[in-house]
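K.L.:
Just so you know, the sequences run in chain order B and E.
With the first letter of the first sequence counted as 1, position 259 gets the number 259 in the numbering used here; the numbers rise by one all the way through.
With the first letter of the second sequence counted as 1, position 41 gets the number 41 in the numbering used here; the numbers rise by one all the way through.
If you're looking for bench data, these hints aren't it; they were derived computationally from the structure.
Just so you know, not all the hints are guaranteed correct.
Said to hold, decoys possible - Covered stretches of chain E, going by a simulated chain B footprint (3 or more residues, C-beta under 8 Å):
1) 16-25
2) 29-40
3) 54-60
4) 71-77
Ideal Cβ positions, reconstructed from N, Cα and C, are used throughout, including at glycine.
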Amino acid sequence: MSDVWIAGAGMTRFGRRDENLQDLMAEAALAAMNDAGIERPDALVVAAMNPEEFTGEGNYGSLIGTRLGLSYAPAMRVETATSSGVAAVYTAFAAIAAGFHRSVLVVGGEKMTHLPTPRVSEIIGRSIDPHEKSYGTTMPALAGLITRATMHRRGMTLKEISQVAVKNHANGARNPFAHFQEPVTLDAVMESRLVADPLRLYHCCPISDGGAALLLTADRRGVRIAGIGQGADTIAVRYRTDLTSFRATQAAAEAAYRMAGFGAARVEIAEIHDAFAPFELISLEDTGLVPPGKAGRATLDGETAIGGRLPVNTSGGLKARGHPLAATGISQLVELYWQLTGRADGRQVEARVGLAQSIGGLATNNWVTLLESRR
Amino acid sequence: MAERLRASRCPRCRRLVVPPASICPDHPVRMEEASLPPLGEVVSFTTLHSPPEGFRAPLHLALVELEGGARLFCHGTATEGVKIGSHVSVEAVDSVFYFSHMGFTDRARLFWRRAGARGERVAAIGKSVVKGVWNRRPRGED
C-alpha cells in the first residue's frame, strides 16, 4: 500500500452565500489545486449529500468535472449522509494507496440557505430511519433524546455542554472562513430558546453553504494521511442499546488507529463533529482522546481550548465554522492541514498529529482520519 | 389494560424489535413473530418546539424500552412528571404508539395482578424497593 499525502487544501468561507453549489465547489477545488501546484489530477471524487433536492441538479461528478475544466478525469460522487466529505476522501485515498491513481482531487459542498428552514430540515431528515421519521423525529429531536440520556447516565451537565458552544464560537471568531465570527457568552447559550428539550438553539450548528477540497497524491509532501477508518451503526436509533456513546465513532477510531500504528496519546489537535454541542463531549470520549466521563470537565477547565492540552475545533467546529453537510468533513481536514503546516493564522497551535471525526446521519456512518506532519 | 404489541424475534440472537421487521438488524436471517406486553420504562424523552410539517407543537416524544429489551418511539400528550426510568404503558392507535405515564395506583394494581404466589410477592416487593432506591441515587443535573 502506497502512502497518501495531502498536496493542497482549499475551502470557501462558510455561511450564507449567493453563489450556487457548482461555483462554491469550484472555488474550493481551484484553491486546493493552486495550493498543490497540480493542474491535471488523475481523477475527481465529489461529495454532496443531496444536491438533487437542495439544488435540483444531478450527475454531480460529471457536472463538477466539466465546471472545473477536468472533463477528461474519471469522476464519481459518493455519499454517507452528513459525513459524505470524508467518504470522498476515503475513496480517493484508497485509489491512490492501491496504486490506481497518482493524484486525486476531492471536493465536497452543499448549498442550503436559499431554501426555507423547514424544507432544509425535511431534506436533512431523509437520513433518519423512515419509521422513526414518521413520529416527527428530526435530527435535533434525536440529539435531544441522546443529550438527556447522557446527562442522566453519565452526569454530563448543561454548563459543560454550553461551554462547548462558547469555546467553538471563540475559535470561530479567529477563523475568517467561519460562518459565525462572533463570540457568545455562557449565559446567552444557556438562555437561548429550547429546540428539543434539553437542547437549546445555541447548542445546534447553523444551516450553511460552502465547499471544501483536498488534493491527494502519492508523491511525498508535508502531511500524510496516517490512518482513516469508518464505523457503522443501525439507522434506527431504537435498535441501539446505548444512547450515550456512538459505536460508529468507536469502530472508526479503532480502524484509523490500527492503520496508523499509533493511538490517541499521539494526537495533539482534533476537529470533532459538534453538530450538537454534546456530541463534541461524547465524541472526545468515543475517540479515546479524553477518558470516559471526563470530557465535560476538560472543556470547563480549558483543556480543549486554543492553548490547552488538546485544542479541539480550532476552526470553530460545525457550531461556528458552519455545517454545509458534505463540505464539513473535508473542511475539518483542511483546518488540520493548515494547522500542521503552520498556516492557521490567528489560531495556530503547535501540533504534529491531528485527528478529525465526522458523523454521518444520526451516527450511522462515522469516520475518523489521522493526519501526521513530517516536521 | 392495552393490547399486547406485535414484535419480531431473531431466531439467531433472540433480539426483539418493534414494530416487527422481516430481517434482524444484526443477522441476515428472517425474524419470527412475537408479541410483548405494552409496558415499559422511558429510556429518554424530548419535546420538540418546532416540529416538522404535519405535527402540532409542542410534540412530545419518548423512546421506551419494553420488557424483553425492544425499544420503540412513542408520542405522548405531556412529559410533565416523566423521568428517565418512569414506568409507562404503551398503546397503538391507528398503528401509532402512544405512551402514558403510569401513576402509583396504576403500578400497584399491575404489580398485584402480575405477582404470583405470596413468596414471589415478598421477593418482588424487596426488588422493587431496592430498584427505587437505586434509581433515586444522585446523578448529575437532570
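K.L.:
Look at each hint and say if it fits the structure.
P.N.:
Consistency of the hints with the structure:
1. Chain B is given as covering the stretch 16-25 of chain E, and this holds because 4 residues of the stretch bring a CB closer than 8 Å to a CB of that chain, at least three being needed.
2. By the rule of at least three residues with a Cβ nearer than 8 Å to a Cβ of chain B, the coverage given for the stretch 29-40 of chain E is violated, with 0 such residues.
3. With a cut-off of 8 Å between beta carbons, the stretch 54-60 of chain E has 3 residues touching chain B; three or more are needed, and the interface restraint holds.
4. Figure legend: the stretch 71-77 of chain E, annotated as covered by chain B; annotation consistent (5 residues with Cβ-Cβ distances under 8 Å, at least 3 required).
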